[in-house]
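Asker: Under my numbering, think of the first position of the sequence shown as 709, with each following residue one higher.
Treat the hints loosely; a few may be bogus.
[Said to hold, decoys possible] Here are the in silico distance ranges between beta carbons for each label pair:
hint, residue 1, residue 2, range
1, Gly-750, Pro-805, 15 to 25 Å
2, Ala-798, Thr-716, 15 to 25 Å
3, His-813, Ala-763, 12 to 22 Å
4, Thr-811, Asp-789, 28 to 38 Å
5, Asn-749, Gly-784, 19 to 29 Å
6, Arg-738, Ser-795, 19 to 29 Å
7, Gly-762, Val-711, 18 to 28 Å
8, Asp-789, His-813, 10 to 20 Å
9, Arg-738, Gly-803, 13 to 23 Å
10, His-770, Asp-747, 28 to 38 Å
11, Glu-786, Thr-741, 24 to 34 Å
Derived from the structure by calculation, the hints contain no laboratory data.
Backbone N, C-alpha and C fix where the C-beta goes; we use that ideal spot for every residue, glycine too.
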Amino acid sequence: LAVGLENTGGGGYEGMNGAHVVMGLPGSARTYTSKLGLDVNGTEPSVAEHIIGGAGLSAFRHWHEPYTPSALSAAGYEATDCYTAMSFSASSIAGWPINVTGTSHLIWAANGEDS
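Construct the entire structure; sequences and hints are all you get.
Answerer: Next up, the structure:
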């Protein structure tokens, strides 16, 4: 589950490439490997900031390491048989400020197939 700021500076895939996102995962992104995928056994769910890779690098294996330092606080992730929810507080996402007085172009994504 992810929500973030579109890369309005020319990011491919309708602003996805180079976008700054907050992503909730059923395990830690730090346990991800391109061979085995995401380890959801023995790791707690995680919510972290990420920058989606640029042109030709949009696969998660290219940008799975969380952005640091994180600006998130009160971050949470919950998944049940009925719903999945993510919550967080932040004034920026991976270094890009969230425009609270005007317009921000947002992107979002969800995938429950691999959890």
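Asker: State, for the Cβ atoms of Asn-749 and Gly-784, whether the hinted interval 19 to 29 Å holds or is violated.
Answerer: This hint holds: roughly 20 Å between Cβ atoms.
Asker: Given the range 15 to 25 Å, decide if the beta-carbon distance of Ala-798 to Thr-716 lies inside it.
Answerer: About 19 Å separates the Cβ atoms of Ala-798 and Thr-716, which means 15 to 25 Å holds.
Asker: Take a look at whether the Cβ-Cβ distance between Asp-789 and His-813 falls inside 10 to 20 Å.
Answerer: For Asp-789 and His-813 the Cβ distance comes to about 33 Å; the hint is violated.
Asker: Taking 24 to 34 Å as the hint, is the beta-carbon distance of Glu-786 and Thr-741 inside that range?
Answerer: holds, 25 Å
Asker: Could you tell me whether the CB distance from Gly-750 to Pro-805 stays inside 15 to 25 Å?
Answerer: violated, 36 Å
Asker: When you take the CB atoms of Arg-738 and Gly-803, is the distance between them in 13 to 23 Å?
Answerer: holds, 20 Å
Asker: CB of His-813 to CB of Ala-763, is that within 12 to 22 Å?
Answerer: holds, 19 Å
Asker: Please test the hint of 28 to 38 Å on the beta carbon pair from Thr-811 and Asp-789.
Answerer: holds, 36 Å
Asker: Taking 19 to 29 Å as the hint, is the beta-carbon distance of Arg-738 and Ser-795 inside that range?
Answerer: Check passed, 21 Å falls within 19 to 29 Å.
Asker: Cβ-Cβ distance between His-770 and Asp-747: within 28 to 38 Å?
Answerer: violated, 18 Å
Asker: Given the hint of 18 to 28 Å, check if Gly-762 and Val-711 actually sit that far apart at their C-beta atoms.
Answerer: holds, 20 Å
Hints 1, 8, 10 from the list above are not met by this structure, while the remaining hints are.
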